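Residue strings, one per chain:
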Amino acid sequence: MNEIANLADAFTSGELWQIIALSLSISLSATAVATILGLPFGAALAIWRFPGRGAVIVAANALLGLPPVVVGLALYLLLSHSGPLGGLGLLFTPSAMVIAQTVLALPIVTALAHRAGEEYWAVYGDALMDLGASKPRAVPALIAMARAPMLTAVLAGFGRTISEVGAIIVVGGNIAAYTRTMTTAIVLETGMGNLPLALGLGLVLIGLTTMICAGAFALAGRSGQ
Amino acid sequence: MRSIWLGLLAAVAFYAPAIAADARPEATITLASTTSVDNSGLLAAILPEFTKTTGITVRVLALGTGQALDTARRGDADLVLVHDPEAERKFLDDGNGVNRKQIAWNDFIVVGPNDDPAHIAGGQDAKEALTAIADTAAPFVSRGDKSGTNALELRLWKAAGIDPKTGAGAWYRDIGGGMGAALNAAAAMPAYTLSDRGTWLSFKNKGPLRIMVEGDAALINRYDVIELNPAMHSGAKLAPAHWLALWLTTQPGQDAIGAYRLGSAELFHPSAANPK
Chain P
1 MNEIANLADA FTSGELWQII ALSLSISLSA TAVATILGLP FGAALAIWRF
51 PGRGAVIVAA NALLGLPPVV VGLALYLLLS HSGPLGGLGL LFTPSAMVIA
101 QTVLALPIVT ALAHRAGEEY WAVYGDALMD LGASKPRAVP ALIAMARAPM
151 LTAVLAGFGR TISEVGAIIV VGGNIAAYTR TMTTAIVLET GMGNLPLALG
201 LGLVLIGLTT MICAGAFALA GRSGQ
Chain W
1 MRSIWLGLLA AVAFYAPAIA ADARPEATIT LASTTSVDNS GLLAAILPEF
51 TKTTGITVRV LALGTGQALD TARRGDADLV LVHDPEAERK FLDDGNGVNR
101 KQIAWNDFIV VGPNDDPAHI AGGQDAKEAL TAIADTAAPF VSRGDKSGTN
151 ALELRLWKAA GIDPKTGAGA WYRDIGGGMG AALNAAAAMP AYTLSDRGTW
201 LSFKNKGPLR IMVEGDAALI NRYDVIELNP AMHSGAKLAP AHWLALWLTT
251 QPGQDAIGAY RLGSAELFHP SAANPK
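Here the protein sequences line up with chains P and W, keeping their order. Note that the first sequence ends on residue 225 in this note's numbering; no numbers are left out. Note that the second sequence ends on residue 276 in this note's numbering; no numbers are left out.
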């Protein structure tokens with residue numbers, strides 16, 4: 001019961017709200033960038049035929065299994081003051097965490113958008129071109145047509161970012177009130193032996209993710225009507 | 001579809017305050033420290049007073065000592081607060097650090113399961129206890145992460161004339177993790193491990209573990225603050241970092257360290273005036 005009281009304390013102290021806000025802003029920002037780049041790129045891969053296209057598709061799918069801690073480490077070395085991009089001063093900032101999660105989410109959004117776009121293009125591609133659409137103009141049309149699986153691509157990207165800890169704990173440093181997110185707080189509480197509180201935070205995280213997915217489906221459903 | 005794009009735009013707008021916070025780091029320094037001073041709650045308890053007095057915000061990276069020194073070496077921290085005399089000496093000799101000062105001390109303890117298969121409970125000699133653990137092949141968890149605690153553990157094995165690696169895969173369990181991870185693992189196995197007292201006192205998942213050996217002079221745990229050498233780290237925020245080093249080693253900081261307690265236990269004994 002003491003731990004439930006701890007969780008209640010955490011909620012009322014405002015610290016937890018800040019952690020939740022940071023988690024959401026970082027993951028949603030990374031998902032937004034991955035979506036803005038990945039959906040058109042995936043759709044374009046479904047429409048255009050060019051040399052090396054197969055290799056790009058294989059690469060996007062292979063990167064689905066990109067280990068977060070490796071992404072974190074590579075970015076750490078790039079952003080460190082003794083690294084090539086050290087002058088930007090981004091290491092141990094929320095911005096570095098957004099970059100790391102964007103790198104992780106982009107292949108997921110791209111690969112799933114390509115798969116969705118390919119199916120719709122096979123069925124509706126000729127009709128779209130007969131209607132006089134140019135290939136560049138077919139990209140947004142294809143995304144709009146395949147919006148249900150495209151939404152799944154975006155949510156898969158979001159799922160990757162909100163649940164991820166390996167990359168952001170390396171490039172963010174888990175600094176209290178600055179780069180501490182839900183997942184890094186769970187790592188910290190586990191390390192301090194606060195297992196029930198860590199589990200409680202995990203349940204809050206799962207609840208939030210569910211709410212965001214439900215909200216996305218509701219929005220998509222309304223815009224589809 | 002349009003509403004999805006609007007939602008994404010809103011997400012970017014939501015993130016904007018975090019970017020703005022990145023943009024004004026002048027009065028903010030990064031302290032590379034160890035998990036034991038951070039997870040025990042000490043820094044969270046004393047740093048607000050420093051920030052109130054000086055206006056300098058301190059961002060704390062809680063790492064193992066080895067990693068904390070490496071982070072500073074690469075130029076990614078402005079000040080270090082660590083506890084491994086040998087690694088610190090190397091950091092100073094390499095020209096990375098200057099002005100090492102002890103701020104506080106406490107001690108290490110050997111903890112282990114209640115049923116005590118190696119029969120070391122109540123002892124005061126760490127070397128003897130480790131020898132008994134190795135002789136009985138009782139499970140022992142090692143941090144294995146180049147932290148200050150790990151470094152001391154390896155020195156104790158060496159002093160006892162034992163190569164624990166011969167027990168790897170059997171009783172010697174190198175988990176490659178922080179103090180908390182080691183205590184969680186030791187509580188679950190159960191196994192013996194070496195812990196700093198601060199983490200032990202604040203740790204909430206002790207399970208069957210209790211203190212087995214304490215009071216050996218070899219188990220003293222000294223925390224030192226080290227400033228960066230301006231000649232090698234001109235990019236670091238040396239002036240505000242110096243203020244923090246000064247504060248930690250003079251009366252206001254020393255008083256704050258001594259005043260930090262969990263229950264009735266004083267976790268860190270301030271020792272800037274009389275280094276141990």
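Simulated from the structure, these hints should not be mistaken for laboratory data. One or more of the hints may lead you astray.
Covered stretches of chain W, going by a simulated chain P footprint (3 or more residues, C-beta under 8 Å) [as the list claims (entries may be wrong)]: (1) 73 to 86; (2) 170 to 182; (3) 256 to 266.
So the derived label-pair ranges between C-beta atoms look like this [unchecked claim]: (4) L154/W / L85/P: 31 to 37 Å; (5) L262/W / A214/P: 21 to 27 Å; (6) P252/W / I206/P: 42 to 48 Å; (7) G52/P / K101/W: 57 to 63 Å; (8) A218/W / S13/P: 39 to 45 Å; (9) A137/W / A218/P: 45 to 51 Å; (10) S234/W / L73/P: 52 to 58 Å.
Everything numeric in this text was worked out from a predicted model, so none of it was measured. The C-beta atom is built at its ideal place from N, Cα and C for all residues, glycine as well.
How the hints compare with the structure:
{"no.": "1", "hint": "73 to 86", "in the structure": "holds (count 3)"}
{"no.": "2", "hint": "170 to 182", "in the structure": "holds (count 4)"}
{"no.": "3", "hint": "256 to 266", "in the structure": "violated (count 0)"}
{"no.": "4", "hint": "L154/W / L85/P: 31 to 37 Å", "in the structure": "36 Å, holds"}
{"no.": "5", "hint": "L262/W / A214/P: 21 to 27 Å", "in the structure": "42 Å, violated"}
{"no.": "6", "hint": "P252/W / I206/P: 42 to 48 Å", "in the structure": "44 Å, holds"}
{"no.": "7", "hint": "G52/P / K101/W: 57 to 63 Å", "in the structure": "59 Å, holds"}
{"no.": "8", "hint": "A218/W / S13/P: 39 to 45 Å", "in the structure": "41 Å, holds"}
{"no.": "9", "hint": "A137/W / A218/P: 45 to 51 Å", "in the structure": "60 Å, violated"}
{"no.": "10", "hint": "S234/W / L73/P: 52 to 58 Å", "in the structure": "26 Å, violated"}
Hint compliance for this structure: hints 3, 5, 9 and 10 are broken, all remaining hints hold.
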